[in-house]
Every structure is written in C-alpha cells, then in structure tokens.
Amino acid sequence: MSSLFTIFQASLPYLMDGFQITIQIWAISIVLGVALGLVTCLLKLSPFRPLRAVAWVYIWIIRGTPMLVQAMVVYFGVPQVTGLRLTPFTAGVITLSLNAGAYLSEIFRSGIQAVPKGQSEAARSLGLGAGRTMVKIVLPQAFKIAIPPMVNQFIITLKDTSILTVIALPEIMNEAQQYVMIRWEYFQTYVLVGLYFLAATSLLMVLANYVEKKISYDRKGNRS
Amino acid sequence: MTEKVIVHDLKKNFHHLEVLKGIDLTVHEGEVVCIIGPSGGGKSTFLRCINRLEEPTGGEITVDGYTITDPKVNINKVRQNIGMVFQSFNLFAHLTVKKNIMLAPVDLKLMSKEEAEQKALELLRRVGLEEKADAYPHQLSGGQQQRVAIARALAMNPDVMLFDEPTSALDPEMVGEVLNVMKELAEGGMTMIVVTHEMGFARDAADRVILMADGVIAEEGTPEQIFEHPQVKRTQDFLSAVL
Chain A
28 MSSLFTIFQA
38 SLPYLMDGFQ
48 ITIQIWAISI
58 VLGVALGLVT
68 CLLKLSPFRP
78 LRAVAWVYIW
88 IIRGTPMLVQ
98 AMVVYFGVPQ
108 VTGLRLTPFT
118 AGVITLSLNA
128 GAYLSEIFRS
138 GIQAVPKGQS
148 EAARSLGLGA
158 GRTMVKIVLP
168 QAFKIAIPPM
178 VNQFIITLKD
188 TSILTVIALP
198 EIMNEAQQYV
208 MIRWEYFQTY
218 VLVGLYFLAA
228 TSLLMVLANY
238 VEKKISYDRK
248 GNRS
Chain B
18 MTEKVIVHDL
28 KKNFHHLEVL
38 KGIDLTVHEG
48 EVVCIIGPSG
58 GGKSTFLRCI
68 NRLEEPTGGE
78 ITVDGYTITD
88 PKVNINKVRQ
98 NIGMVFQSFN
108 LFAHLTVKKN
118 IMLAPVDLKL
128 MSKEEAEQKA
138 LELLRRVGLE
148 EKADAYPHQL
158 SGGQQQRVAI
168 ARALAMNPDV
178 MLFDEPTSAL
188 DPEMVGEVLN
198 VMKELAEGGM
208 TMIVVTHEMG
218 FARDAADRVI
228 LMADGVIAEE
238 GTPEQIFEHP
248 QVKRTQDFLS
258 AVL
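Heads up: the sequence lines are chains A and B, in that order.
Residues 28 to 251 in my numbering are what the first sequence lists, from first letter to last.
Residues 18 to 260 in my numbering are what the second sequence lists, from first letter to last.
Be aware that a few hints might be false.
Stated by the list, open to error - Below are the PhoX-like pairs computed for lysine-lysine, each with C-alpha atoms no more than 25 angstroms apart in a straight line: (1) K116/B to K89/B; (2) K71/A to K171/A; (3) K171/A to K241/A; (4) K116/B to K171/A; (5) K136/B to K89/B; (6) K163/A to K116/B; (7) K163/A to K240/A; (8) K163/A to K250/B; (9) K130/B to K116/B; (10) K116/B to K144/A; (11) K130/B to K89/B; (12) K136/B to K94/B; (13) K28/B to K163/A; (14) K163/A to K200/B; (15) K71/A to K144/A; (16) K171/A to K240/A; (17) K136/B to K200/B; (18) K241/A to K200/B; (19) K38/B to K241/A; (20) K116/B to K240/A; (21) K171/A to K186/A; (22) K28/B to K250/B; (23) K163/A to K71/A; (24) K144/A to K200/B; (25) K144/A to K94/B.
Unchecked claim - Rough simulated footprint, nothing fancy, chain B against chain A, three-plus residues with beta-carbon under 8 angstroms: (26) 99-105; (27) 139-149.
Worth flagging that the hints you see were computed from the coordinates, not collected in a lab.
As the structure is a prediction and not an experimental result, all values here were calculated from the model.
C-beta atoms are modelled at their ideal positions from N, C-alpha and C, and glycine is treated no differently.
Excised from the complex, chain B in its bound form (with noise of 0.2 angstroms):
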C-alpha cells in the first residue's frame, strides 16, 4: 500500500504553550484512522498541520510525496489534493449551495463552468441535497451546511480528507446523516483522517484509532485493540470517562 501521509517528528508550540511534542503516524491509502482524545490534547492542532493551516514549529510532512513542511514547496497546489471539513462548516456565506462546490474547481482553472456545475450537482445527490443547489447557507440545517461541506471538498478530487470534529456542532439528531456520508466515503476507499468525539463511527468505520492525550500519540491500534483491550492507562481513563 502507498504511504499518503508521513508525519515525523511533528512538533508544534503557541508561544512557550507545547502543543504537539513530537507525532509519528504515517496513513496508507485507503486507510481511515480515527483520532479521539480529551480536549487541548492537539488532536484539532495536528490536523491543521497536515495542510499547513498551522504552520508547523518542528519535524516533516509528506502528503501524496511533497514535503510540506519544506518552505518552497507550492502549498496551494498541495492543497488542492487534500480536502478539509471543519467543525464549524465554513460554508461560503455569501455564495449559493452550488456555487460553493464550484468555487474552487472553476477559480484554480481545474474544470469549466459547465464541469463544474455537473459535478456540485453529482456530488449534492451523493450527499442527498440536489434540491438545495440554489439554496444559500443560512437556509440550510447544521447537518445539511456540513454534507454540502464535505461535497465541497470532494469536488476537488482530494486524494486525503482531513476531517476535523464534523459532527461536534450538530444537533444530535443530525449527527447520522454527516457520519452516514462519511461511512460512504470510507467505504469508496477514501484516505481519510478523522478527529472526532464519536467514538461510535470510530469503532465501526476507522482501520486505526489514535490516541492523542498532551501532545502525543499515547496509544494506537485497531478499534478493537483500543476500545476493548487499551493497554494504556491515560486511554483507559479517557474511554471510561466518555463510554
């Protein structure tokens, strides 16, 4: 299997605040790795530096075989091969459903216009929204904000999907359909990273599920290995106090 995603030694401090000490992980394609953790732990920060949105103080990433940690490489055009979903959707406020998921693809010059809408429209009846194509964000549900998100970034081809706590904005009753979408896209053999809180989907839909606890991996495995046998007392703390 191709490695995606190599992380060496990936250090990141705010300040004199240490947030990641030093991450090793490295995702193969195809692969779905999970990552839970308390809150303040990193988890949100280390995603935010696999595309740079955090600028990293310390160690190397490579994405798809660029360094991105390397200050020539074209960050933009890596970019464009790694999707992104927040936790707060970031929908494009003053643009329409389609025309968020056209932005992108039409502005970098990737797809004509007419490509572009053909897409937005394959990718909302993938994620179940054709009907919202004109609708504007504000007129849309949390849930449905986070499927047009995901299509969003699907409409970029990403080979990676970095997804950071999607459904932790949701109200519960809509945090199915995001996670529903998201099994899916795990199913077609998306390259996915998941920081999340539900460690329902963890369990049932990532290869490997990370531990992160004080700006280190304390412990990863399979889900089984980690929900059913953690070897580590810090995971056996976190479980038991979210199970």
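With the rest of the complex left out, here is chain A (with noise of 0.2 angstroms):
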C-alpha cells in the first residue's frame, strides 16, 4: 500500500485541478446564495402576501427536497423542456446558490428578528423610514447576530458541492473518482478528498472567528 504522501504527489494534477474547481463553484454560489438569501428573507418579512408566498414556496421546495434530485432536475431535466443547454458549472451553480439562498434566508430573518424592537422603535422616533432603519440599525446587527449560522451554512455549501459530481462536474470528488479508476487506491484517495476539505473548511472556521472578533462591538473592553 503507498503511503498517503505518495498518493498525494501523484494525485496532485488530478485533486487540485478539482479543488480550484470546488472552489471557485463555491465562492459563486456563495456570494449568488447571500444576495438571494437577503431578498428572500426581505420577501418573507414583507407586509405583502403575494410576495411572502413566493418566498414561502421557494424555501418550501428547495428544502424540501434533496440537492442531489434538484442538481439532477436542473442539469438534465431543464434543458430537455426547454432545449436550453447548460455547462455543469453554470447548472451546479443553480443548484447551489438555489439551496444556500433558501436556508441563509431563514438564517438572516432569524437574525432580524432577533434584534430587539426597541432598536428600529429608537429610530423611528427619530424620523428614519422604515428602509433606512433596516439599513443602518437593523441589518447591521442582524448580521452580527446571523455570523455563525451563516459560517455553518458557508461549510455545508462547501461541502455539498461533491454532490455536483453526478453531473459532471469536474471538482474534486470527480477528478478523485477518475483517479481512483487508474490507480486502485481507494483508501488513500477518499482520505485525501476529505483532507482537502477539511483544509478548507479549517481555514474557513479561523476565518470567521476573525471576523466575529473584528466585528464585535459588545466585546471591547468591559463596563467603566
């Protein structure tokens, strides 16, 4: 059996290839997944209902059902009704941000109504409308509020983008597959593909630690 550092010299063109791949797929879908995310939380805290079942249903389907049926759905399903083509790359990226959207939206609206009413009441007071009062007092410690769910989702996101080898995609469970169909090594392979991630989602996790310290602003320093 060679060792795991043997396998990774001679896996590197193939994982690597796939890594750039899994990440640059994730860091689309990511900042797609917030901006979707946003408005749909938006929709669903909206006074209008029409607007508030949109969001309903998108959270409901995207949910409610497996990524791996809706990458299936979006990849061969779509074109086939309406003849239009898709890449891999431009279909996984549907799937998705789709799903980040849908979940980063319930994070962030748990995030907004978990700044105390008190806050927007303050600047109501003042004579802010109600759009300037979401931009500039409640979003801004919403979103310190949503930081770890939402790193939780960035994580998931990152990993879920393995699911994208059944079409095709060629990120890194799908160089590895084509890897392990020359070289047998199975074990070394699949560890390796996980070693990657985890190198990943490490470097994620510190990442937003710093963040977190940088933003916070009930932290610095203590009462006077």
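Hey, can you piece these two chains together into the complex? The hints should help.
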C-alpha cells in the first residue's frame, strides 16, 4: 500500500484541478446565495402577502427536496424541456446558490427578528423611514447575530459541492473518482479528498473567528 | 401661548381590549406635563400614539400644526420634531455614543458630519458625558445610557419631548442624574410630556399633572391640586398607594 504522501503527490494534478473548481463554484454560489437569501428574507418579512407567498414556496421546495435531485432536474431535466443546454458548471452554480439562498434567508430572518424591537422604534422615533432603519440599524446588528449560522451554511455549501459530481462537474470528488480508476487506491485517495475539504473548512473557521472578533461591538473592553 | 400638542377623543384598541377610551389633552409650548397612574392604565400607549409608534384607533392628534392621525401626513418628517426617550434607553448597540447621536441628523441630511459631531459633543457636555463619546452603549451604566438617549433625541432639535418612564429601568442611585437632566431641560423651556412613577419629579418639575387610569384621564391639575387636594377617588387611592 502506497503511503498517503506518495498518493498525494501522484494525485496532485487531478485533485488540485478539481479542488480549484470546487472552490470556484463554492465562492460564486455563496455570493449569489447571500444575495438571494437577503432578497428572500426581505420578501418573507414583507407586509404583502403575495411576496411572502413567493418566498415561502421557494424555501418550501428547496428545503424539502434533496440537492441531488435538484441538481438532476436542473442539469438533465430543464434542458430536455426548454432545449436550453447548461454546462455542468452553470447548472452547479444554479443548484448550489438556490440551495444556499433558501437556508440563508431563514438565517437572515432569524437574525433580523433577534434585534430588539426597541432598536427600530428608536430609529423611527427620530424620523428615519422603515428602509433606512433596516439598513442603518437592524441589518448591521442582525448580521452580527447571523454570523455563526451563516458560517455553518457556508461550510455545508462547500461540502455540498461534492454532490455535483453526479452532473459531471469536474470538482474534486469527480477528479478523485477518475483517479482511482487508474490507481485503485480507494482508501488513500478518498481520505485525501476528505483532507482537502478539512483544510478548506478549517481555514474558513479561522477566518470566521477573526471576522466575528473584528466586528463585535459588545466585547470591546468592559463597563467603565 | 401656542398649542403644541392637541389630542382630541383619542381611542386605542388592541384587538378587543380598549386601552384608551377617549383622551382629550392640550399641551402648550414650554409646558411640562407629567402623566402618572397605575400600570396598565394606558399611559405609555397614550404617549406612543403621539408620535404614532402606536396607530390610534380613533380620534385626532395634532402636533406642531400637523395632524399626525391623517394617513397622508409625512410621519417621518413630523417625528423629526418629536423627541422620544424610552424606558429601556434603546441606544443603538452597534454604534458608539457619539455616532448614536450623529446618526439621525446626518442620515436625514439635516447636518453635515462635522456639524453633527460638534453638536453631539456639545450635547454630551450638557449631559455630563463628554468623555464617553467613543464608548459603546454596553460600557455605560443605565443612567449614563439614558442621558445619552436624551442627548440623541435633542440632536434633532425637537419641539416636543416625550419621556416614557425614563427612570423605571434604572438602579435607584442613578435616577437622580437622569431627572436632573430632565429638570434642566424643563427649565430651558422645552415642551415635555413625561410618563413617570417619580412623584417627586412630577411635583417639582410639572406644570400640570395628569392621572390616567383605565384608559381615561381621571383627574388633572397643578401638582399642588393633584398631590395636596385630589378630588377624585381614583386619584386618592393611587396616591395613597404610592406615597
């Protein structure tokens, strides 16, 4: 049995290529997912019933079905019906961001609702409109509350990229599957794939810790 | 004297609960009106209707000549002239003391950043907290937070100030510092409506005291009339319970 390090070197061209795709599709999907989540969350908090209904249906479907199924529908199903051919990468971005957006919208909503009502009342009493109150007072505080669950979702989305191997996206899992066909070293190869993910998620956790410390306003020194 | 706040037949229901059952009140410029009375009597709801933090169910409220109960009125514009101080301070937790005070004037484009900063420091000096300009709210005591909240409201140069039990959430030893700031404000000619349980403050600083109970004004008069010679049984009962 070859050592993990030998396999690491031998598989590097494959796995590194795949890992780059993994990170790319993850980063794009996170950005789109955050935007989508924010919009959905505002729809869900809107006083207009039809807007709330749109958000509700979206979250209901995405949360209620497996991402594997969603990826299949987007990549194989949609082109068959519409004639519009999607690359695995595009289909992957759509699936991942739809998915992250649905979960993030609920994370944002709980963050917004966790900001004490007195905060927005104070802003409104000074003459700020509802929109400005949201932007200047509620969202900054909601964001801070939402960081830990947001990071959680970012990590989940990163790991979920591996599901996209089923639509032939050449991400790290897909590359690993090709590599083991040549070398037959299942144990080392898949452990390595796990280590790549572990490295990325560890980095993410360190980064998140830093951001959380950086923007915390209630731990800067003690009561004086 | 100009009439600053005119309330006519104000009614407020929460579902089937009648909280305000027809309130009439006129407050003149420079007048200090203290509202006292038992909990659940509708004092805070009444105050919150004046800047429409609560939507009145019926009646009419005019502040500074604007009928705020008119759905067409620009309520945000009118609120700029009505300062409010809350029981729980409600300082913006993510902003420093100075930025708490600067936020509204700058965001509403009433002052430049420099003007607002100068104004903030001036107001902080007035409430004795200049050295706390860069502190965050959680670093201050309750009394200090409430003084900042008063400064924040004053930064908008309001014509009327509403106080909703401003000392009820404070430790006893911090009540005085907040009341002193309010007294100075009253002496400076500010029109004030104060919901309070501080009978001493009502007696010293108020031009008029109102006893509100069960959604109506049970009795009103000068502090002397209310505290020395209450006419209504509801007032007598309340005062004998709290004094």
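Holds or violated: K241/A with K200/B, Cα cutoff 25 angstroms? Not satisfied, since the Cα-Cα distance of roughly 41 angstroms exceeds 25 angstroms.
What's the verdict on K171/A and K241/A, does the C-alpha distance respect the 25 angstroms limit or exceed it? holds, 10 angstroms
Are three or more residues of the stretch 99-105 of chain A within 8 angstroms, CB to CB, of chain B? violated (count 0)
Taking 25 angstroms as the top limit, are the C-alpha atoms of K28/B and K163/A close enough? It is violated: about 33 angstroms lies between the C-alpha atoms, which goes past 25 angstroms.
Given the hint that K28/B pairs with K250/B, test it: the Cα-Cα distance must not exceed 25 angstroms. This hinted pair holds, its Cα atoms lying about 24 angstroms apart.
Taken at face value, is the distance from the CA of K240/A to the CA of K163/A at most 25 angstroms? Roughly 20 angstroms between the alpha carbons, so the hint for K163/A and K240/A holds.
Mind checking the alpha carbons of K144/A and K200/B for me, to see if they're no more than 25 angstroms apart? violated, 29 angstroms
25 angstroms Cα cutoff - pair K136/B, K94/B: holds, 20 angstroms
Hinted pair, alpha-carbon criterion (25 angstroms max): K116/B, K144/A. Please report holds or violated. holds, 20 angstroms
Would the hint linking K71/A and K171/A be met if the CA-CA limit is 25 angstroms? The given pair, whose Cα atoms are some 20 angstroms apart, holds under the 25 angstroms limit.
Would the pair K163/A and K71/A pass a check requiring their Cα atoms to be no farther apart than 25 angstroms? holds, 20 angstroms
Regarding the pair K171/A and K240/A, is the alpha-carbon distance no greater than 25 angstroms? Satisfied, since the Cα-Cα distance of roughly 10 angstroms is no more than 25 angstroms.
Comparing the model with each earlier hint shows violations of hints 1, 5, 8, 11, 13, 14, 18, 19, 24, 26; every other hint is respected.
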